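Engineer: Listed below, chain by chain, are the residues.
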Amino acid sequence: MTKLTVRQYGNIKLYIPGTFSEIYDQIGSMMLHAPQFTDPSGYFHYRNIDTEFFQLTESFGIVRKKLGEERYAALMDLAVRAKALFAADPDDTNGKTDEGYKLLYEIEDLIQEARRKRVESKQTDDEGRVTGD
Amino acid sequence: MRTASSTRNFGPTRPTPPMGRGSNIRAFEKPMTLEQVFPGLRDAPGGAIVAVADDFFDFTGPANETQMALAALASQRIKEQIKQLDPKWHYDELGPNQTVEGQYNKLNDLRFHLAATRLRVKGDIELLQAETIRFIQRRTDAAYIQGRALLRAGKLKVRLSEQEALGNFIDREVRKDLRDRFISVGIDWSTNRSIRVNGREYDSSGTDRTYRRPDARVGRLAFDVTLTRKTAITPQVRGFFGADFQPLRVIIIRPSQLGGIYTYAIPRTETKR
Numbered sequence: 001m002t003k004l005t006v007r008q009y010g011n012i013k014l015y016i017p018g019t020f021s022e023i024y025d026q027i028g029s030m031m032l033h034a035p036q037f038t039d040p041s042g043y044f045h046y047r048n049i050d051t052e053f054f055q056l057t058e059s060f061g062i063v064r065k066k067l068g069e070e071r072y073a074a075l076m077d078l079a080v081r082a083k084a085l086f087a088a089d090p091d092d093t094n095g096k097t098d099e100g101y102k103l104l105y106e107i108e109d110l111i112q113e114a115r116r117k118r119v120e121s122k123q124t125d126d127e128g129r130v131t132g133d
Numbered sequence: 001m002r003t004a005s006s007t008r009n010f011g012p013t014r015p016t017p018p019m020g021r022g023s024n025i026r027a028f029e030k031p032m033t034l035e036q037v038f039p040g041l042r043d044a045p046g047g048a049i050v051a052v053a054d055d056f057f058d059f060t061g062p063a064n065e066t067q068m069a070l071a072a073l074a075s076q077r078i079k080e081q082i083k084q085l086d087p088k089w090h091y092d093e094l095g096p097n098q099t100v101e102g103q104y105n106k107l108n109d110l111r112f113h114l115a116a117t118r119l120r121v122k123g124d125i126e127l128l129q130a131e132t133i134r135f136i137q138r139r140t141d142a143a144y145i146q147g148r149a150l151l152r153a154g155k156l157k158v159r160l161s162e163q164e165a166l167g168n169f170i171d172r173e174v175r176k177d178l179r180d181r182f183i184s185v186g187i188d189w190s191t192n193r194s195i196r197v198n199g200r201e202y203d204s205s206g207t208d209r210t211y212r213r214p215d216a217r218v219g220r221l222a223f224d225v226t227l228t229r230k231t232a233i234t235p236q237v238r239g240f241f242g243a244d245f246q247p248l249r250v251i252i253i254r255p256s257q258l259g260g261i262y263t264y265a266i267p268r269t270e271t272k273r
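Chains E and D supply the protein sequences, listed in that same order.
Counting in this note's numbering, the first sequence runs from 1 upward without gaps.
Counting in this note's numbering, the second sequence runs from 1 upward without gaps.
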């Protein structure tokens, strides 16, 4: 099983997704909370655009080998651009949030593509199964 | 026991007795066993649908200063309980909680801490099971509202159908939240194999080893977050029951906005493996 990665962020400990399927979940959650990425319920009072993109980009680092350098670089670039777009449209009023969504979908597509390729080439995950992770 | 065939919305009603201070504070402190979460669960036959208790998810009574004070008192008591279990335990306060909602959030947060501490110190997982149900339900409800709003705004991509897209986003949100939640109370599912989020649960009873992925597992409970009603004969649910960890119950969690018996437990039917 993949060892958990927890990173300190300010005074909180953030879990870093460690597999493609966990990154896929992270992206889905981000889509629900763009452009501010806060949690109005208060359960996750610390969440904001910085914490969510930190989790995302750190997760790319964890699966970097599986991604390959080219895809890793593309993902990092997309994440930086997406974050800037969301930050520039916190109230979802000037259209940049919609542009940010497109980039999140591009990120998702790249992750899914990497999963597919691992399945096609029959590469196994940490439990010895061909799952794309 | 309320089951799928019971008249949940049409049964006789009794006037609610006036709640004194004592009963109110008890409402905040309910020690939630699975039997309390799903009344009648203990005696329910395998495969039955046992509905969640109506009052499980929300604190009752009007949001006012009294409620706030009671919530604060309940929080204090839970902190003391945790300290008794683990004198070194330290709590980082949530953000400002000068509102009733803030107090409730803190109370819920502390309940999860208590559940995690009981597991860590005493090996007792039942409270964590109950708190996990509560947590998943709240996150599912919130994601359902948010997902529908985003679908209406055209922001979520629809591949097969809106229903499928909505269900997919809710699943992803809940799983991410659950991982963050477990980590926040020090639960490491890579070392504690009885707690997992979207982990592979193998069935090695046949010639080919197969697996299923419940959205979560806590002890011998499997959790499935879904928009669709599922029963003991749904292949996915049967698959969960067939897993090597032999879940005693499968917990189906659906958005409460769907009404009716939205969330329920399905007890295990003993089958020959």
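Some hints could be false.
[Said to hold, decoys possible] Heads up, simulated DSSO-like pairs for lysine-lysine below, C-alpha to C-alpha not over 27 Å straight-line:
| # | chain 1 | residue 1 | chain 2 | residue 2 |
| --- | --- | --- | --- | --- |
| 1 | E | K96 | D | K157 |
| 2 | E | K13 | E | K96 |
| 3 | E | K96 | D | K155 |
| 4 | E | K117 | E | K102 |
| 5 | D | K157 | D | K230 |
| 6 | E | K13 | D | K157 |
| 7 | E | K66 | E | K117 |
| 8 | E | K3 | E | K65 |
| 9 | D | K230 | E | K13 |
| 10 | E | K66 | E | K13 |
| 11 | D | K122 | D | K83 |
| 12 | E | K65 | E | K117 |
| 13 | D | K230 | E | K102 |
| 14 | E | K13 | D | K155 |
| 15 | E | K102 | D | K157 |
| 16 | D | K122 | D | K155 |
| 17 | D | K122 | E | K3 |
| 18 | D | K79 | E | K117 |
| 19 | E | K13 | D | K88 |
| 20 | E | K13 | E | K3 |
[Stated by the list, open to error] Okay, the calculated bits of chain D under chain E, using three or more residues with CB under 8 Å as the criterion:
| # | region |
| --- | --- |
| 21 | 100-113 |
| 22 | 138-151 |
| 23 | 167-175 |
Please keep in mind that the hints were generated in silico from the structure rather than gathered at the bench.
Here the structure is a predicted model, which means the values were calculated and not measured.
Virtual Cβ for every residue (Gly too), placed ideally from N, Cα, C.
Engineer: All hints, please: hold or fail.
Structural biologist: Hint by hint, here is what the structure shows:
1. For the hint linking K96(E) to K157(D), the alpha-carbon distance of about 17 Å falls within 27 Å, and the restraint holds.
2. Simply put, K13(E) and K96(E) have alpha-carbon atoms about 30 Å apart, too far for the 27 Å limit, and the pair is violated.
3. Annotation: proposed proximity of K96(E) to K155(D) holds, straight-line Cα distance about 12 Å (limit 27 Å).
4. The straight-line distance between the Cα atoms of K117(E) and K102(E) is roughly 22 Å, inside the 27 Å bound, and the hint therefore holds.
5. About 25 Å separates the Cα atoms of K157(D) and K230(D), which keeps this hinted pair within 27 Å; it holds.
6. A hinted pair counts as satisfied when its Cα atoms are at most 27 Å apart, and K13(E) with K157(D) does not qualify at roughly 32 Å.
7. Simply put, K66(E) and K117(E) have alpha-carbon atoms about 10 Å apart, close enough for the 27 Å limit, and the pair holds.
8. As the CA atoms of K3(E) and K65(E) are separated by approximately 16 Å, the hinted pair is consistent with the 27 Å bound.
9. A C-alpha spacing of about 36 Å is found between K230(D) and K13(E), which places the hinted pair above 27 Å, so the restraint is violated.
10. Straight-line distance between C-alpha atoms of K66(E) and K13(E) comes to about 25 Å, which keeps the hinted pair within the 27 Å bound.
11. With a C-alpha separation of about 13 Å, the suggested pair K122(D) and K83(D) falls inside the 27 Å cut-off, and the hint holds.
12. For the given pair, K65(E) sits about 13 Å from K117(E) by alpha-carbon distance, which is consistent with the 27 Å threshold.
13. About 34 Å separates the Cα atoms of K230(D) and K102(E), which puts this hinted pair outside 27 Å; it is violated.
14. As the CA atoms of K13(E) and K155(D) are separated by approximately 30 Å, the hinted pair breaks the 27 Å bound.
15. A C-alpha spacing of about 10 Å is found between K102(E) and K157(D), which places the hinted pair at or below 27 Å, so the restraint holds.
16. Among the hinted pairs, K122(D) with K155(D) is inconsistent with the structure: their alpha-carbon atoms are about 46 Å apart, more than 27 Å.
17. Taking the CA atoms of K122(D) and K3(E), the gap is about 25 Å. The hint holds against a cut of 27 Å.
18. Restraint check for K79(D) and K117(E): not satisfied, since their Cα atoms lie roughly 49 Å apart, outside the 27 Å limit.
19. Taking the CA atoms of K13(E) and K88(D), the gap is about 18 Å. The hint holds against a cut of 27 Å.
20. Using a Cα cut-off of 27 Å, the hinted pair K13(E) and K3(E) holds, with the two alpha carbons roughly 16 Å apart.
21. With a cut-off of 8 Å between beta carbons, the region 100-113 of chain D has 5 residues touching chain E; three or more are needed, and the interface restraint holds.
22. Coverage of the region 138-151 of chain D by chain E holds in this model, with 7 residues showing a Cβ closer than 8 Å to a Cβ of that chain against a need of three.
23. Counting residues of the region 167-175 of chain D whose CB falls under 8 Å from any CB of chain E gives 6; the rule of at least 3 is met.
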